[in-house]
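*Asks:* Here are the chains, one letter per residue:
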Amino acid sequence: MLSFVLRRLASAVPTLFIVVTISFFLMRFAPGGPFNLERPLSPQTMANINKAYGLDLPLWQQYLRYLGNVVRGDFGPSYIYRDNTVDQLIGMGLPYSIELGLWALGLALVGGVAAGTFAALRQNSLLDVGLMTLSTVGVTVPNFVIGPVLTLIFAVTLSWLPAGGWGDGSLRFLILPMIALALPQLAVFARLTRGAMIEALHTDHIRTARAYGLPTRTVVVTHAMRAAMLPVVSYLAPCAAALLTGSAVIETLFTIPGVGRFFVLGAINRDYTLVMGTVVLIAVFVIVFNLVVDILYGLLDPRVRHE
Amino acid sequence: MTAPLTGRRPLPMTTMTRTLRRAALIGSLLLGASPALAEVVLNRGNAGEPQTLDQAHTSINIEEFILKDLYEGLTIYDAKGEIVPGAAESWTVSDDGTVYTFKLRDNGKWSDGSPVTAEDFVFSLMRIEDPKTAAGYANILYPIKNAEKVNKSGAPLDQLGVKAIDSKTLEITLERATPYFLELLAHQTALPISKASFEKNGADFVKPGIMVSNGGFKLTEHVANDHLTLTRNENHWDAANIKLDKVVIYPLEDQAAAVRRYEAGELQVNYNFSADQIERLKKQFGDEVHISPALATYYYVFDTRTAPMDDVRVRRALSMGIDRDFLATEIYSGSQQPAYGFVPPGLPDYGAPSLADFATKSQLDREDEALALLKEAGFGEGGKPLEIEIRYNTNPNHERVATAVADMWKTAFNAKVTLVNLDVSSHYAYLQEGGKFSVARAGWTADYGDPENFLAMNTTSNKTFNYAKWSNADYDALMAKSNDEKDPAARAKLLHEAEALLMKEQPVAPLLYQNELWLVSKKVKGWVDNANNQHLSRFLSIGE
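Residue numbers (numbering that gives the first Met the number 0), protein chains in the order written: chain A, 0 to 306; chain B, 0 to 543.
This is chain A alone, in the form it adopts within the complex (with noise of 0.2 angstroms):
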């Protein structure tokens, strides 16, 4: 087992390191810099600052350089925000990112079985058709709409809830941006506990289970819960990577002062270490995430496993 999580983990270097070339040289070959705004610098000031931040150097020793930096775990300046780090600004947004993230995730993963597992449980009922109605409406509605429909409602008409901000970082502010982070992925988990739901309770085991005379919740819980929560399980790690790195989207709306926003501004100013370092960012997410899931996989399905 540990020998596997080594293993992953040592995988993961040339992966990072992937990663970090590929979008260094596509963020270099976009058009325009850093420094081109709608007022022009003019051609001196562009010099001395292509000097101050090294973008005068040829573009493979700027590589070699970052490249030398990001071993380090120095993501370098951002030249947007340039009153910062880029390491100053992701430690200063992503503990906000992380803490609406996994309250999302919370509610979605929690929200999305229980939902999934109700409407199993009654197929094709009303209840089911209801439940698997609103979440494809879930599903398709996006987040941009939901966001500010809530704000409409909860905010502006009742005056129940904030319309925005992370304020003393009370739950009051995150209920809102909370709900429409988790609202798509709590459908898409009760689409799969659904599925997976349904197929459980089908096979050998439980109906032996059930022949037995276990009591239903016995069965659903300790049984058939186990088998159907493999999908979900497996669509956990993109979603948990994808929000506790924080949604550009929810985070503009809600004035979330997280790192989803950074990706986004970064790219659209050719903030290029900004981007990359929330490139590697996502991607050390991802690759963790992957992992965990592997390894609940193993605990989960007594056909995997590591070693």
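DSS-like mimics (lysine-lysine), calculated; alpha carbons at most 30 angstroms apart, straight line:
no.: 1; chain 1: B; residue 1: K503; chain 2: B; residue 2: K492
no.: 2; chain 1: B; residue 1: K148; chain 2: A; residue 2: K50
no.: 3; chain 1: A; residue 1: K50; chain 2: B; residue 2: K194
no.: 4; chain 1: B; residue 1: K245; chain 2: B; residue 2: K79
no.: 5; chain 1: B; residue 1: K503; chain 2: B; residue 2: K480
no.: 6; chain 1: B; residue 1: K524; chain 2: B; residue 2: K79
no.: 7; chain 1: B; residue 1: K131; chain 2: A; residue 2: K50
no.: 8; chain 1: B; residue 1: K144; chain 2: A; residue 2: K50
Just some of the chain A residues that point at chain B, by a computed CB distance under 8 angstroms:
no.: 9; residue: F34
no.: 10; residue: L40
no.: 11; residue: S41
no.: 12; residue: N47
no.: 13; residue: I48
no.: 14; residue: L88
no.: 15; residue: A154
no.: 16; residue: A162
no.: 17; residue: G164
no.: 18; residue: T254
no.: 19; residue: I267
no.: 20; residue: R269
Each pair of labels, with its calculated beta carbon distance range:
no.: 21; chain 1: A; residue 1: T132; chain 2: B; residue 2: K435; range: 52 to 58 angstroms
no.: 22; chain 1: B; residue 1: K435; chain 2: A; residue 2: N68; range: 37 to 43 angstroms
no.: 23; chain 1: B; residue 1: A489; chain 2: A; residue 2: S158; range: 58 to 64 angstroms
no.: 24; chain 1: A; residue 1: N68; chain 2: B; residue 2: N413; range: 56 to 62 angstroms
no.: 25; chain 1: A; residue 1: Q43; chain 2: B; residue 2: P384; range: 38 to 44 angstroms
No wet-lab data here; the hints were simulated from the structure.
Note that CB positions come from ideal geometry on N, CA and C, so glycine has one too.
Could you slot chain B onto chain A? The hints should help.
*Replies:* Coordinates of chain B only, in the frame set by chain A:
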């Protein structure tokens, strides 16, 4: 952070449910409970996160609003947007207009209580021009003697024309008389920093808790992308007249979200909203909706290096073919005004801009004249086909404008028009690096309230800003002469002549004068709309 995911069984989910349920309960108890506020707080929506709070790196107005609340330049704009003494109490100007001697206020203090000295200003100005600082806007202060030389070739900093005569007397020498120099000093790049603080803290001098400022407020909190808290600076020389205890600034990138927060009563002031909301907001908020003319021009540039745009007849015809009223009312819902001059109105010393000769004609007459001009130039029926490509930076409004203009040219001149859009960096990089084009969109917002700031963009020597690569000796001569003219009226006349020439030649076709859009609650007192778009929180208060 993986706590809820590492468990073996569904157990952690039930714990999670319980936590959630408990949290939801606590949350519902908190609903509606807003803390009683004894202090006077102004919540200002600002259209985005400042990229920097460093005077050497700032370039956009959302930074300007914050920086000018924090710092005070030698001159400042008052509530009406007029230049008044700031950190300097008074000044004298030498007869030839090249030496300014500023007397700083005796009671001028930094937020840490130390005095604001002439040495601080010398240090700040040197820092901006130091090539090592790589200040993006160093060029705006090039009128200061040797500033350009220092900034470009790294001449010794002490050659810069700034000198501390004593701790409260500052002397600034200019390259040549610069009629708008007092306006320049009110620009955010000319705001001072405390030398002592910078020497102690280095680049961290911009951080909350560390920053030392001399304006009406000091920075007490900065959560990037969430808010900045500014607290009244008790050491400010006019602190007794500052009515607000706190100003909280929210960086609201998404205009619709900003409007929702204003509607929810979370903001008393909000900068910028989408033009298509004007009618609705006016119905709801009446005169809380402020549409105030700005010193900004939205224009199209013709590449005068290549045919057919090298032909003044074609440029004039195309410019005449644009129905500016349509753009202003239909696309911008009246949030912008049709433009026929390059300099926006609202500059007191300059008066109304010199307009293109076709400004007074009806759109139908313009089109007839345009068709005749095109025919003369060999286009139109039986002539060469007119092929045009409009480049613009990606933005829904710019796209609507380009589509409308393309349609106007197609209908009126049977032109073949294609559209190309790039994101803002690529678009301006292309223009600035001298890429060939036929028509391109550009915009300019004044750095300081002087027509020179607009007109100088079109001189032959202006390699970066003159996207049209238009070169006209008469125009260059008029601009040079205006720089040396000391009499304001005579200078304004020269600049008017230059603008009239520019509008006759149309290397640039101004389309719209822009307006600034603000939402200002009735509770806010002291707000005055002004073309310079200057609204220091210091001059605002909150009533019932």
